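**Q** Respectively, the protein sequence lines represent chains A and B. Add 31 to the 1-based position in the first sequence for the working numbering, that's all there is to it. Add 31 to the 1-based position in the second sequence for the working numbering, that's all there is to it.
Certain hints may be false.
No distinction is drawn between identical chains; accordingly, a pair holds when it is met within one copy or between any pair of copies.
With a Cα cut of at most 20 Å, we get these calculated SDA-like pairs of lysine to any residue [what the hints assert, rightly or not]: (1) K195 <-> K245; (2) K36 <-> R46; (3) K195 <-> R237; (4) K252 <-> E236; (5) K97 <-> N55; (6) K48 <-> S112; (7) K36 <-> A194; (8) K153 <-> C200; (9) K36 <-> Y116; (10) K195 <-> S243; (11) K36 <-> V118; (12) K48 <-> Q248; (13) K208 <-> Q165; (14) K208 <-> S156.
Just so you know, these hints were derived from the structure itself, not from any lab. No experiment lies behind these values; they were computed from the predicted model shown.
Number of protein chains: 2
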Amino acid sequence: MDPAKLLDILGNENRRKIIQLLANRPCYVSEISGRLGVGPKAIISHLNLLEQAGLIEYSVDEQRRKYFNIANNMRLEVLVSPYSYTVALHDIALDREKKGEPPAAEEKEASAREESSFFFLKLNSRLQELKTRQEELAQMQQRLQVEYTELMDRCLESIEELAKNSVECELLFELLKSETTLAALCYNLRLHPSIINANLLDLSERGFIEYSIKNNQHYWKLCETGVENK
Amino acid sequence: MDPAKLLDILGNENRRKIIQLLANRPCYVSEISGRLGVGPKAIISHLNLLEQAGLIEYSVDEQRRKYFNIANNMRLEVLVSPYSYTVALHDIALDREKKGEPPAAEEKEASAREESSFFFLKLNSRLQELKTRQEELAQMQQRLQVEYTELMDRCLESIEELAKNSVECELLFELLKSETTLAALCYNLRLHPSIINANLLDLSERGFIEYSIKNNQHYWKLCETGVENK
């Protein structure tokens, strides 16, 4: 799924509530409508949208009632900071058809040896461990982003000291974010290629930047280790 | 910020584009309007909304032009899976006022010893390391979510074997997700307290669940290690 599409979907409060409900248990239209206090027509149109996006699916029970459930497993991550805005959507493939396969040897043995009730509680312990691990990872990511932003601040101070003029300032800032081409720099900085090129060459002579060629294009980037090798 | 508010904000394509632009560099209204091909009135109303939410702020230059920039540093994480829907917003406090402080001893020494240009390229190397680390963490989180969902699948199979009836099934499923109160169970399952209570007591006697008391409320949860201690 396109991450922009998911953000469009999640931008609506009622759709978020529907997803929340379905993540709890499969539901049918009038159930959702009752819970949310929203007419069934509106609910159906939200459900259609969610289904088209592949986010939900349904199964039909004996009373021909459509039960909707979440079809997908994904993680959306949005980072907003003074120096970056990134949206990443990780679709996590679920190989749920495996269910029918015989359990792994280890597991089979375990089931035979232990009471199934004990086995269930063991699964649950593992589940709680995973939750803790998930929280730890989230905290690590947070610390990383703090360090990233602080480092960016220091890089910008450093750039201001080094740059001869404001164009160099902007170029170094762009290259700090990622390697890039002349064309992209012209577009982003709204400056004529000749101006940018002259500054790139100067920076390159002073040992700050270098280029590599990929797919017949010049990609400029900051030099990797240092000036002293020049 | 309330994560729902951020999702509302990000649900609009033009607002996403504005954030994208400002994460690149501070911009003023007519610049944004030109880039997006959207009238200045609409841009101003989006900017007001973003500013009220604390996501952006502005500074005024000599020509009295308002330059808007991203004021915040945060990470939004949305997990959607058949068994869970969680939205987490991590506000990452930036202690940017520190800037004025003298640099740490190590850093001071480094600046003195090395050319400032070399120092800048070293900062950049560290920045690239952080980016790599960020990607690694994202991958770890992904593997974790796969394992989580597979484990949930197995727990559900296990529940179906263990439960005497469908109410028990639903109760064990709810408790798998988190510990909870009788009242919350009644609300979520839409069942009379007497039915739920009878089933909870039965499950508790069979050693599956137990309660603890917090803030004068009974919280039910799955037993931690196993049945064999009973």
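**Q** Tell me, in ascending order, the numbers of any earlier hints that this structure violates.
**A** 1, 7, 10 and 12
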